[in-house]
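**Q** Keeping their order, the protein sequence lines are chains A and B. All letters in the first sequence, in the order written, are residues 58 to 139 by the working numbering. All letters in the second sequence, in the order written, are residues 370 to 517 by the working numbering.
Quick caveat, the hints were computed from the structure, so don't treat them as lab data. Watch out, some of these pointers could steer you wrong.
Taking lysine-lysine and the BS3-like style, the derived pairs with C-alpha atoms no more than 27 Å apart in a straight line are [to be verified]: (1) B/K493 with A/K93; (2) B/K493 with A/K73; (3) B/K453 with B/K493; (4) B/K453 with A/K73.
Derived coverage of chain B by chain A (criterion: at least 3 residues anywhere in the stretch with Cβ under 8 Å from a Cβ of chain A; other residues may be distant) [what the hints assert, rightly or not]: (5) 379 to 392; (6) 421 to 435.
Some chain A residues close to chain B (C-beta under 8 Å, calculated; not the full set) [unchecked claim]: (7) W66; (8) V111; (9) A112; (10) F133; (11) P134; (12) T137; (13) G138.
Built from N, CA and C at the ideal position, the CB exists for glycine as well.
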Amino acid sequence: MIDLIYFSWIRERIGKSSESIETRAATVIELIEELKEKDVRYSEVFSDLGSFRVAINQELSNFDASIIEAKEIAFFPPMTGG
Amino acid sequence: MYVSVQNEFFDFSAEIKNFSENLNNIGALVTFTGIVRGQKSKTLDHMFIEHYPGMTETQIRLIVEDTFKRWKIFDALVIHRYGKLEPGEQIMMVATAAEHRKEAFEAAEYLMDYLKSRAPFWKKEVLKGEENWVEASSADEAALDRWR
Numbered sequence: 058m059i060d061l062i063y064f065s066w067i068r069e070r071i072g073k074s075s076e077s078i079e080t081r082a083a084t085v086i087e088l089i090e091e092l093k094e095k096d097v098r099y100s101e102v103f104s105d106l107g108s109f110r111v112a113i114n115q116e117l118s119n120f121d122a123s124i125i126e127a128k129e130i131a132f133f134p135p136m137t138g139g
Numbered sequence: 370m371y372v373s374v375q376n377e378f379f380d381f382s383a384e385i386k387n388f389s390e391n392l393n394n395i396g397a398l399v400t401f402t403g404i405v406r407g408q409k410s411k412t413l414d415h416m417f418i419e420h421y422p423g424m425t426e427t428q429i430r431l432i433v434e435d436t437f438k439r440w441k442i443f444d445a446l447v448i449h450r451y452g453k454l455e456p457g458e459q460i461m462m463v464a465t466a467a468e469h470r471k472e473a474f475e476a477a478e479y480l481m482d483y484l485k486s487r488a489p490f491w492k493k494e495v496l497k498g499e500e501n502w503v504e505a506s507s508a509d510e511a512a513l514d515r516w517r
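Same shape as in the complex, but just chain B:
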C-alpha cells in the first residue's frame, strides 16, 4: 500500500513505474488520474483543496484496507494533493494491481467512490475573484450504494 497526501506536484508516469516494478505476476494494472478542469474554457482561475491532516491519511488507509478485503489485488496506490491547484494540474491518482482486470478495475472504482465522499477533503473553486465551495453531489453519495 502506498498512500501520500501532499501539496507537491507528482509525476504519474514515475509513480506508476515505481508502483509496478516490484510487483510479481501482475496481469492487470489500472490507474486513474483526476485533473482540475477548465484549462481552455476559462471557467476556473484555480482550485483550492483543504483537508484534515491526520484524519485524511488514516481515512484513506482504512479505505485502502477495505479494498484489499473485497478484491484480490496485489497492491494499491493513492496520491491526493491539497492546496492551490491550477487548471490542468493533477489533483490525485489511484492505481491498483491484480492478476486480472476485473479485480483491478473494480478495486480502482471502489477506491475512487470512497475517496470522493469519505476522505476529508473540501474543494473550493475560484473564478474572477469569486470563491465557491464545491458541494458534494447526491450522485457521489449514491455511488456508494453500489458497494453495500
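Chain A on its own, in the form it takes in the complex:
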C-alpha cells in the first residue's frame, strides 16, 4: 500500500487530502496514468505535468522516478513559501 497525499488546489479538486492505494506502477508517471484512468477528477488535475510537483517519501522527485520503495507520494502545485 502507498499513501497518496494531496495539497492545495490538487487536494480541493480531487476532494480528499490523502488515500491509500495498491498499484502496479513502477514510476511516478505510470502511477499518474493509472490515476487518470480511475476518475475524471484525476485526469483533469493531472492533465498538465508542468502544473504540479511530486515528492516521494517527502523528498522532491521527478516524474520518471521509481516508486518501488515509496511509502508516501505527495502531489502539489509549485510551492509558494516565504
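Once you've looked at the hints, dock chain B against the given chain A.
**A** For chain B alone, coordinates are given in the frame of chain A:
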C-alpha cells in the same frame, strides 16, 4: 541553526535577541521579515497557508545546511508560520549572523529565494469570500538561477 514551523504569532524582536545573544564575534546580523500585505488597501480579508508537515521541516533544514556550506556564517534562523493569517501579521522571518555583512546579506537572500520555491508551503488569499491559491511566479523560480 534554529528552524520553527508554527501556527503561532512570533515576536521578532525577542527572536532576534535570543538568536544573537549567544553568538561571539559577530560583525553582521541580517534579518528579513515577510508580512501579509493589504492591511490598508483592503485587497485581502486574510491569507491561509498550508504546508506539508514533516517534509517542510526537513526541507528547510536542508536549505539551511546548504547555506552553511556556501557562506561563512555563524548561525541562521528560519521561522515560518502556517494557518490563517491576517493582513499586517508576520508570515515568516530569517536571520543570519556572520563576521561580515556580505556573507550575512547573501546567505539571507539565498535562504529567502529557496524558501519561496522549495519549501512546501502554499498560500491562499481570501477576498470578499472568494478564495484564490497564489500562483508561483516564474521570477521566483528564475531567482534560483543566480545561485547555480
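**Q** With chain B as the partner, please determine if A/G138 meets the hint condition of a C-beta pair closer than 8 Å.
**A** At about 4 Å, which falls below the 8 Å cut-off, the nearest Cβ of chain B leaves the hint on A/G138 intact, so it holds.
**Q** Please check whether the segment 379 to 392 of chain B has three or more residues whose CB lies within less than 8 Å of a CB on chain A.
**A** violated (count 0)
**Q** How about A/T137: closest beta carbon in chain B under 8 Å, or not?
**A** Holds - the Cβ of A/T137 comes within 8 Å of chain B, reaching about 5 Å at its closest.
**Q** Would you check the hint for B/K453 and A/K73, treating anything up to 27 Å between C-alpha atoms as holding?
**A** Given pair B/K453, A/K73 holds - Cα atoms ~20 Å apart, limit 27 Å.
**Q** A/F133 was flagged as interface toward chain B. Is the shortest Cβ-Cβ separation under 8 Å?
**A** OK, holds: A/F133 within 8 Å of chain B, min 7 Å.
**Q** Given the hinted pair B/K493 and A/K93, is their alpha-carbon gap at most 27 Å?
**A** Measuring from Cα to Cα gives roughly 26 Å; hence the hint holds.
**Q** Tell me if the interface restraint on A/W66 is satisfied: Cβ within less than 8 Å of some Cβ in chain B.
**A** holds, 5 Å
**Q** For the hint on A/A112, does the least C-beta distance to chain B fall short of 8 Å?
**A** Holds. Min distance 6 Å.
**Q** The hint names A/V111 as touching chain B; please verify it with the least Cβ-Cβ distance against 8 Å.
**A** violated, 11 Å
**Q** Should the interface hint for A/P134 be scored as holding, given a Cβ-Cβ cut-off of 8 Å against chain B?
**A** Where the cut-off is 8 Å and the nearest Cβ of chain B is about 6 Å from A/P134, the hint holds.
**Q** Can the segment 421 to 435 of chain B be counted as covered by chain A under the rule of three residues or more with Cβ-Cβ separation shorter than 8 Å?
**A** holds (count 5)
**Q** For the pair supplied as a hint, B/K493 and A/K73, is the alpha-carbon distance within the 27 Å limit?
**A** holds, 17 Å
Checked against the numbered hints given earlier, the structure breaks hints 5 and 8 and satisfies all the rest.
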